[in-house]
Every structure is written in structure tokens, then in C-alpha cells.
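**Student:** Listed in order, the protein sequences are those of chains A and B. Heads up: the first sequence begins at 36 in this note's numbering, then just goes up one per residue. Heads up: the second sequence begins at 10 in this note's numbering, then just goes up one per residue.
Keep in mind that the hints were calculated from the coordinates and are not lab data. The reader is advised that the hints may include incorrect statements.
[Said to hold, decoys possible] Okay, derived cross-link-like pairs now, DMTMM-like style, lysine to aspartate or glutamate, Cα gap no bigger than 20 Å in a straight line:
#1 A:343 - B:366
#2 B:279 - A:82
#3 A:350 - B:363
#4 B:359 - A:340
#5 A:339 - A:319
#6 A:37 - A:219
#7 A:362 - B:212
#8 A:89 - B:212
#9 A:343 - B:360
#10 B:362 - B:340
[As the list claims (entries may be wrong)] Residues from chain B that keep clear of chain A, each with C-beta distances beyond 12 Å, as calculated:
#11 58
#12 65
#13 173
#14 226
#15 330
[As the list claims (entries may be wrong)] Partial selection, computed: residues in chain B whose CB lies under 10 Å from chain A:
#16 172
#17 279
#18 342
#19 354
For clarity, every value in this text was computed on a predicted model and none was experimentally measured. Ideal placement from N, C-alpha and C gives every residue a C-beta, glycine not left out.
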Amino acid sequence: MKEMTYSEAIRLAMTEEMRKDENIFIIGEDIGIYGGTFGVTKGMIDEFGEERIKDAPISEAAIVGAAAGAAVTGMRPIVELPFLDFITIGMDALVNQAAKMRYMFGGNEKVPMVVRLPGGSGTGAAAQHSQNLEAWFCHVPGLKVVAPSTPNDAKGLLKSSIRDDNPVVFIESKLLYNTTGMVEEDPEFTIPLGKADIKLEGSDISLITYGRMLKKALIVAKELAKENIYIEVIDLRTLAPLDKDTIIQSVKKTGRAIIVHEAVKTGGFGGEIVATIAESDAFDFLKAPIIRIAGVDIPIPHNKELEKAAVPSEKDIKAGIYRLLNK
Amino acid sequence: MKFEDYNPLEEKVFKIMDKKGKIINTDDMPNFTNDQLLYLYRTMLLSRTMDEKQLSYQRQGRMLTYAPNIGQEATQIGSAYALEKEDWIVPSFRELGAWLIHGVPLKNIFLYWYGNEWGSHMPEDVKVLPVSVPISTQLQHATGIGMANNIKKENNVVLTYTGDGGTSGGEFHEALNFAGVFKAPTIFVIQNNQYAISVPRIEQTASKTLAQKAIAYGIPGIQVDGNDIFAMYVATKEAADRARRGEGPTLIEAITYRLAAHTTSDDPTKYREDAEVEEWKTRDPILRFKTYLENKGILTKEWDEKMKKEVENEITSTFEEIEGKADTKIEEIFMYHYETMPPILEEQLKEYKDFLEGGKNNDK
Ligand SMILES: Cc1ncc(C[n+]2csc(CCOP(=O)(O)OP(=O)(O)O)c2C)c(N)n1
Numbered sequence: 036m037k038e039m040t041y042s043e044a045i046r047l048a049m050t051e052e053m054r055k056d057e058n059i060f061i062i063g064e065d066i067g068i069y070g071g072t073f074g075v076t077k078g079m080i081d082e083f084g085e086e087r088i089k090d091a092p093i094s095e096a097a098i099v100g101a102a103a104g105a106a107v108t109g110m111r112p113i114v115e116l117p118f119l120d121f122i123t124i125g126m127d128a129l130v131n132q133a134a135k136m137r138y139m140f141g142g143n144e145k146v147p148m149v150v151r152l153p154g155g156s157g158t159g160a161a162a163q164h165s166q167n168l169e170a171w172f173c174h175v176p177g178l179k180v181v182a183p184s185t186p187n188d189a190k191g192l193l194k195s196s197i198r199d200d201n202p203v204v205f206i207e208s209k210l211l212y213n214t215t216g217m218v219e220e221d222p223e224f225t226i227p228l229g230k231a232d233i234k235l236e237g238s239d240i241s242l243i244t245y246g247r248m249l250k251k252a253l254i255v256a257k258e259l260a261k262e263n264i265y266i267e268v269i270d271l272r273t274l275a276p277l278d279k280d281t282i283i284q285s286v287k288k289t290g291r292a293i294i295v296h297e298a299v300k301t302g303g304f305g306g307e308i309v310a311t312i313a314e315s316d317a318f319d320f321l322k323a324p325i326i327r328i329a330g331v332d333i334p335i336p337h338n339k340e341l342e343k344a345a346v347p348s349e350k351d352i353k354a355g356i357y358r359l360l361n362k
Numbered sequence: 010m011k012f013e014d015y016n017p018l019e020e021k022v023f024k025i026m027d028k029k030g031k032i033i034n035t036d037d038m039p040n041f042t043n044d045q046l047l048y049l050y051r052t053m054l055l056s057r058t059m060d061e062k063q064l065s066y067q068r069q070g071r072m073l074t075y076a077p078n079i080g081q082e083a084t085q086i087g088s089a090y091a092l093e094k095e096d097w098i099v100p101s102f103r104e105l106g107a108w109l110i111h112g113v114p115l116k117n118i119f120l121y122w123y124g125n126e127w128g129s130h131m132p133e134d135v136k137v138l139p140v141s142v143p144i145s146t147q148l149q150h151a152t153g154i155g156m157a158n159n160i161k162k163e164n165n166v167v168l169t170y171t172g173d174g175g176t177s178g179g180e181f182h183e184a185l186n187f188a189g190v191f192k193a194p195t196i197f198v199i200q201n202n203q204y205a206i207s208v209p210r211i212e213q214t215a216s217k218t219l220a221q222k223a224i225a226y227g228i229p230g231i232q233v234d235g236n237d238i239f240a241m242y243v244a245t246k247e248a249a250d251r252a253r254r255g256e257g258p259t260l261i262e263a264i265t266y267r268l269a270a271h272t273t274s275d276d277p278t279k280y281r282e283d284a285e286v287e288e289w290k291t292r293d294p295i296l297r298f299k300t301y302l303e304n305k306g307i308l309t310k311e312w313d314e315k316m317k318k319e320v321e322n323e324i325t326s327t328f329e330e331i332e333g334k335a336d337t338k339i340e341e342i343f344m345y346h347y348e349t350m351p352p353i354l355e356e357q358l359k360e361y362k363d364f365l366e367g368g369k370n371n372d373k
């Protein structure tokens with residue numbers, strides 16, 4: 036294990052896979068000498084050259100569409116968009132095409148591509164630069180959706196995503212890029228898609244989260260342990276396919292569930308988790324209604340203080356937990 | 010001037026003043042009064058100084074990320090000066106000069122970059138859309154406003170901007186095609202400042218010029234020296250006159266250069282040579298215009314000094330007026346997000362207020 040940042044872990048995952056498999060190339064905006072909007076591909080052009088680190092014109096529809104086309108021929112493209120928000124422009128290529136190609140070919144074709152999207156708020160970059168749209172992708176059959184929260188998960192999950200034969204939407208949280216953690220160095224280390232990870236065991240409440248909110252959840256859980264409230268923190272890691280088992284088993288044990296995500300509440304992925312619990316036999320174990328702590332239903336404000344206020348804080352999570360415990 | 014005389018396939022660039030401030034095309038030289046000329050010069054200074062100030066405020070942590078316009082003043086001010094007050098401007102995100110000349114108050118501009126959405130709350134008579142982050146998508150709105158003008162039989166025109174990188178987006182092509190089909194009175198100005206962040210113009214398209222893209226959509230396209238304020242004015246004026254006569258849209262490629270960084274988060278030394286920047290500095294649009302004015306005896310040293318001071322004071326005092334006092338409340342966003350607040354937001358606002366008042370005050 037070696038200490039590195041989330042962003043270095045992602046770069047390492049791509050580098051290792053590209054050394055092994057000539058069919059992998061990266062396409063995106065300013066990813067060459069510039070090293071990517073957030074510096075993730077820094078230096079990669081020196082090792083792999085322009086053929087495999089492709090700076091593209093500002094054409095998200097063409098970037099995602101061309102990647103899908105190349106993927107059908109057996110290439111394994113990795114797309115990097117500067118901001119998740121701009122996937123809106125590549126949405127036809129992703130939703131109507133990439134996600135459905137395999138099905139429309141009667142299962143006869145593979146579409147092995149990864150679309151890496153830096154998402155989320157917290158950079159003071161306002162409404163069109165800060166969104167969390169993961170629920171959109173989860174609603175599309177044919178896509179896999181991954182949202183890692185630690186450097187090690189990012190590395191292991193990205194490697195699995197690259198090796199996966201389906202289109203994978205890989206959501207990176209911009210605010211995590213500079214966070215550090217211990218990362219497996221073994222080039223054969225991967226983390227399977229579709230497996231949640233219990234980041235902290237507990238007996239009183241199941242807190243289900245993913246991405247950037249994990250950190251806040253863990254801080255709150257550690258604080259509350261001092262008050263003898265023991266929270267089990269589940270990091271979903273993959274949203275589609277969803278690891279229902281881990282969620283259900285945990286809720287059966289604790290009898291209480293709280294879901295935390297940064298994306299706005301209405302239509303957010305939290306609703307899917309609530310439904311998963313409500314439809315399962317964990318329902319009979321519930322001692323309180325399930326609670327969602329999520330972003331408020333407004334665009335992300337430009338102002339830094341308001342931006343923070345629009346998404347869950349540690350205080351919000353704590354308040355939710357007290358509510359769940361009637362305290 | 011006639012657009013037909015400047016075939017973009019032949020790379021014929023429309024110019025009036027050379028880089029030394031000499032008039033090389035007297036036929037097309039506009040008839041400005043001295044007051045007009047000084048007003049244009051002052052607006053250029055205002056734009057430049059404002060950029061410099063905002064860059065330094067940002068460095069001091071007093072402003073958010075900022076996209077400067079340094080080097081592109083003639084493109085923006087020359088083109089927008091050809092509009093009437095009732096005409097529309099649909100900006101991208103790098104159009105300070107156009108905003109200033111079309112009457113956007115300094116205070117709004119500061120508010121916007123300070124992170125306050127009220128910055129885009131324009132005075133009633135200022136027809137300017139908010140900044141658009143998704144590259145080139147705003148061009149569609151410009152076409153739509155033009156179409157609406159046609160339907161309403163209004164004689165207004167629309168001036169919209171994108172960068173050279175913006176011409177790669179499908180939206181650019183769809184907007185031009187639509188405008189051509191519906192004869193929208195819309196003027197599309199490409200600010201070809203040679204770079205889209207790190208990607209040089211030649212890697213953006215295999216076309217020789219950007220103006221030639223107009224040919225495919227059956228509308229006029231012309232390359233103009235974007236650092237020549239007279240040429241930019243005249244070309245845009247001609248496009249506006251055509252539009253008002255019902256002859257539809259025009260595409261103008263303004264050839265200019267971004268002398269500063271892409272934004273405050275950029276480091277241009279990663280992708281371009283100093284020598285190139287230095288060469289373009291000799292074509293600085295303000296320097297060129299100033300030389301012209303001095304040679305004509307219109308601008309004196311004293312006037313210049315006086316104006317520089319005036320402009321600086323205006324900027325500093327406006328910033329002082331808003332700094333620290335411009336924070337919006339989250340309630341306001343709940344209130345104005347829909348025409349009337351839907352129940353879900355009422356609920357969330359109440360939860361939020363209860364939470365704040367519940368003693369567990371937040372230091373989020
Ligand atoms: C749809 C979309 N894709 C990518 C970006 C990221 N981005 C912001 S500015 C920029 C370059 C724009 O270049 P250009 O159009 O030439 O305008 P300039 O910045 O030079 O004024 C890019 C790629 C964006 N804002 N929107």
C-alpha cells in the first residue's frame with residue numbers, strides 16, 4: 036500500500052491498464068499537455084502519446100458518440116469530460132446509443148467504455164458547473180454507475196470499470212481529488228462493481244451514502260459513538276447495479292436507516308434506496324421512518340456560503356440522526 | 010463595405026486600421042465624432058482596468074474564479090457599439106467589453122463574479138442574457154430571440170458571442186442553420202482568440218477559417234481583424250443593417266488573441282510560448298487605437314491620465330460598495346427559483362429555517 040491522492044489513484048489505474056491493453060485510449064478536452072481540467076491525466080501524454088491521449092474539440096456529443104463507436108470495434112475508450120454537467124450534451128450518445136447498443140444487436144456486441152465525470156459542488160463554480168446527476172444514469176438500463184469515495188476504491192473500481200464490457204459512468208467528486216489515502220499497488224488489484232463496502236460497523240443505525248458525503252458521515256459517526264450511538268456506515272461505491280443485500284442485511288440488524296447524498300432530494304438516488312428497504316423483509320425490522328438527508332431542490336448557488344448551505348453538512352446529518360432516534 | 014468582397018475561403022480579412030494605428034481603408038472608415046471616439050477609448054480602458062482589478066482581487070481571495078478579456082476589447086466594444094439600445098446581447102462568459110458598452114452597470118458585473126446571482130438581474134432597459142457556461146449553447150437562444158423578433162415584427166437584432174472552441178459544438182452549427190432557415194436577425198461573432206483553454210485553433214477544426222462555416226448554412230461569413238475597433242464596428246453595423254432589412258443572420262470571425270490566462274485557474278505557460286504572446290502584444294487593440302487618437306490630436310496625455318484615474322476610481326468605489334455586503338440569503342433562491350414557490354420548496358425552506366433556529370446553529 037502506498038499513500039496517494041484520489042486523483043493519483045485514478046491516473047495510476049488508467050496507466051496500469053493502458054500499459055497492459057493497447058486498445059485503451061483516453062479522449063477528452065485539455066487532457067494532453069494541459070493534463071486535464073483537474074490535473075488527472077497529468078503527464079500521461081508523455082508516456083502514451085497523442086494517439087492514446089486524445090485532445091478533442093469541444094464536442095461532448097461527438098466525444099461520447101465516437102467513444103461508443105470505437106468501443107463496438109473492440110477498443111476500450113475512456114472519456115473524460117471537464118465537468119459532469121456537460122454530459123447533458125453527450126446524453127443522446129450515452130442514453131439512446133451506448134446504453135442500448137448491446138441490446139439492439141441482440142446481445143451480439145460489446146460496448147466497453149468508461150465515461151469519467153467530475154461532479155459535485157464545493158468549488159464556487161455556480162449552477163452549471165456543480166451538479167450531481169447520478170440518478171439520471173441509474174434510470175437508464177444498460178449503464179453501470181460507479182461513484183467511489185476513497186483513493187483505493189477509485190483505483191480498484193476504475194480498473195474494473197475499464198475491464199467491464201458495458202458502458203460505465205464513473206463519477207468522480209471534484210472535492211475528493213486532493214484527498215489522500217492508502218492505495219494497493221498491485222497492478223492486479225481490482226474491486227468488483229456492484230459491491231458496497233461497510234466503512235464502519237455499528238448496531239443502532241444504518242447510514243447509507245456514497246461519494247463525497249462518506250467523509251462527513253464517518254466524522255458524524257465517530258462523534259456520535261462518544262454518545263453511545265453506533266452507526267453503521269455503508270458506502271455503496273456502485274449505484275448500478277446496486278448491492279441490495281448489504282443494505283437489507285444492515286437495516287435488519289439496526290432497524291433504522293438514513294440516506295445521505297449531495298444531489299438534490301427530489302428524484303434523487305436516495306429514493307431508490309428507500310424503496311429497496313421498504314420492499315424488502317427489512318421493512319418489518321424498521322423502528323422508525325427512513326430519513327433522507329440530501330441537497331435542497333435548488334440549483335447550486337454561486338456564493339460559497341450558500342453553496343455549502345445547499346448540500347448536507349455534518350450538522351444536517353447529525354440532526355437527521357437525532358430525529359431518527361427521537362432525540 | 011460588402012460582405013461579398015471578403016470571401017472567407019480566400020482568407021480575405023476585413024481591416025480599416027493597421028497595427029500602428031494608421032487608417033489603411035479610408036473608404037470604410039466610420040464617421041465618428043471626437044466625443045464618440047473618446048467614449049470608445051474610455052470604455053476600452055474601463056474594460057482593461059476592470060479585468061486587471063478583478064484579477065488582483067481574485068488573487069487576494071476577494072473574488073471567485075474570473076475569466077479576463079485582456080486583448081479582446083476591440084472585438085467586443087467595436088461590435089456591441091453597432092447595436093441600438095433595444096437590441097439584444099447573448100453572451101458567452103468572456104464579454105466584459107460588450108456588457109459595458111451595452112449598458113450593464115459595473116455593479117452588476119462585480120456582483121456576478123462575486124458570486125451573487127443578482128448580478129445577472131439587469132436593469133429593465135438592458136437587454137443582456139446571463140453568462141452561459143456550457144460552451145456555445147447560448148447561440149441557440151440568440152437564434153430564438155431573433156425568431157421571436159420576427160414573429161413580433163420588432164426591428165431589433167441580436168448579437169451573440171462564442172469562442173473559436175465554441176464552433177466545435179453541435180449547438181453552433183444548429184443555431185446557424187436555424188437562423189439561416191428562419192432568417193433570424195442574429196449576428197454571430199466568433200471571438201477567435203486562438204485558444205480554447207490549451208487547445209490551439211488549428212486543433213479545433215480542419216477548416217482554414219471559422220468564417221467559412223457560414224457558407225454551408227447559406228449565410229454571409231466574414232473574417233475581421235478583431236483588434237481593429239473600426240473594422241469590428243463597421244462589419245457588425247453592416248450585419249445589423251442587413252438583419253433589420255430582413256435579410257437574416259451573419260457570421261463574423263473576429264481574429265484576436267487572449268493576452269491573459271483562460272481564467273484565474275489557468276496557467277497558459279503550459280501550452281503557449283512567451284514569444285507568441287509578446288508578438289500579439291504589439292497588436293494590442295487599445296495601444297493601436299490610442300496611437301490613432303494621439304496622432305489625430307484627439308487624445309492628449311493629460312486626458313489619458315485623467316481618464317485612467319477616473320476609471321480606476323469608478324471601479325474601486327463600486328467594488329467597495331459591494332464587497333462584504335453582497336451576500337444573498339438562501340431564502341431568496343427558494344423564492345425566485347419558480348414563479349411561485351412550489352410546496353416542496355416551502356417545506357424545504359421551513360425545514361432549513363427550523364434547523365437554523367433550532368439552536369444547533371450551523372457552521373457549515
Ligand atoms: C459544453 C462545455 N464543454 C466544456 C466546457 C469547459 N470549457 C470551459 S471554457 C472552454 C474553452 C472555450 O474555448 P473558446 O470557445 O475558444 O472560448 P475562450 O475561452 O477562448 O473565450 C472549455 C472547454 C464548457 N464550459 N462547456
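**Student:** Against chain A, does residue 173 (chain B) hold up as non-interface, every C-beta pair farther apart than 12 Å?
**Tutor:** Non-interface label fails for residue 173 (chain B): nearest chain A Cβ at 9 Å, not farther than 12 Å.
**Student:** Within 20 Å, alpha carbon to alpha carbon, are residue 89 (chain A) and residue 212 (chain B)?
**Tutor:** Holds. Residue 89 (chain A) to residue 212 (chain B) sits at ~11 Å (cutoff 20 Å).
**Student:** Does residue 342 (chain B) hold up as a contact with chain A if the rule is Cβ-Cβ below 10 Å?
**Tutor:** At 5 Å from the nearest chain A Cβ, residue 342 (chain B) passes the 10 Å test, so the hint holds.
**Student:** May I ask you to check that residue 65 (chain B) keeps its beta-carbon over 12 Å from the closest beta-carbon of chain A?
**Tutor:** Given that every Cβ of chain A is farther than 12 Å from that of residue 65 (chain B), nearest at about 18 Å, it holds.
**Student:** Test the statement that residue 226 (chain B) is away from the interface with chain A: the closest C-beta pair must be farther apart than 12 Å.
**Tutor:** holds, 18 Å
**Student:** Could you let me know if the closest chain A CB is still more than 12 Å away from the CB of residue 58 (chain B)?
**Tutor:** holds, 24 Å
**Student:** So if I understand the rule, the pair passes when the alpha-carbon distance is 20 Å or less; does residue 362 (chain A) with residue 212 (chain B) pass?
**Tutor:** This hinted pair is violated, its Cα atoms lying about 61 Å apart.
**Student:** Below or equal to 20 Å on CA atoms is what counts here, so check residue 339 (chain A) against residue 319 (chain A).
**Tutor:** Not satisfied, since the Cα-Cα distance of roughly 43 Å exceeds 20 Å.
**Student:** Holds or violated: are the alpha carbons of residue 343 (chain A) and residue 366 (chain B) at most 20 Å from each other?
**Tutor:** holds, 18 Å
**Student:** Under the criterion that the straight-line Cα-Cα distance not exceed 20 Å, is the pair residue 37 (chain A), residue 219 (chain A) satisfied?
**Tutor:** Distance of about 7 Å is within 20 Å: holds.
**Student:** Taking 20 Å as the top limit, are the C-alpha atoms of residue 343 (chain A) and residue 360 (chain B) close enough?
**Tutor:** holds, 16 Å
**Student:** Would you say residue 330 (chain B) is clear of chain A, with no C-beta pair closer than or equal to 12 Å?
**Tutor:** Non-interface label stands for residue 330 (chain B): nearest chain A Cβ at 17 Å, farther than 12 Å.
The earlier numbered hints that this structure contradicts are 5, 7 and 13.
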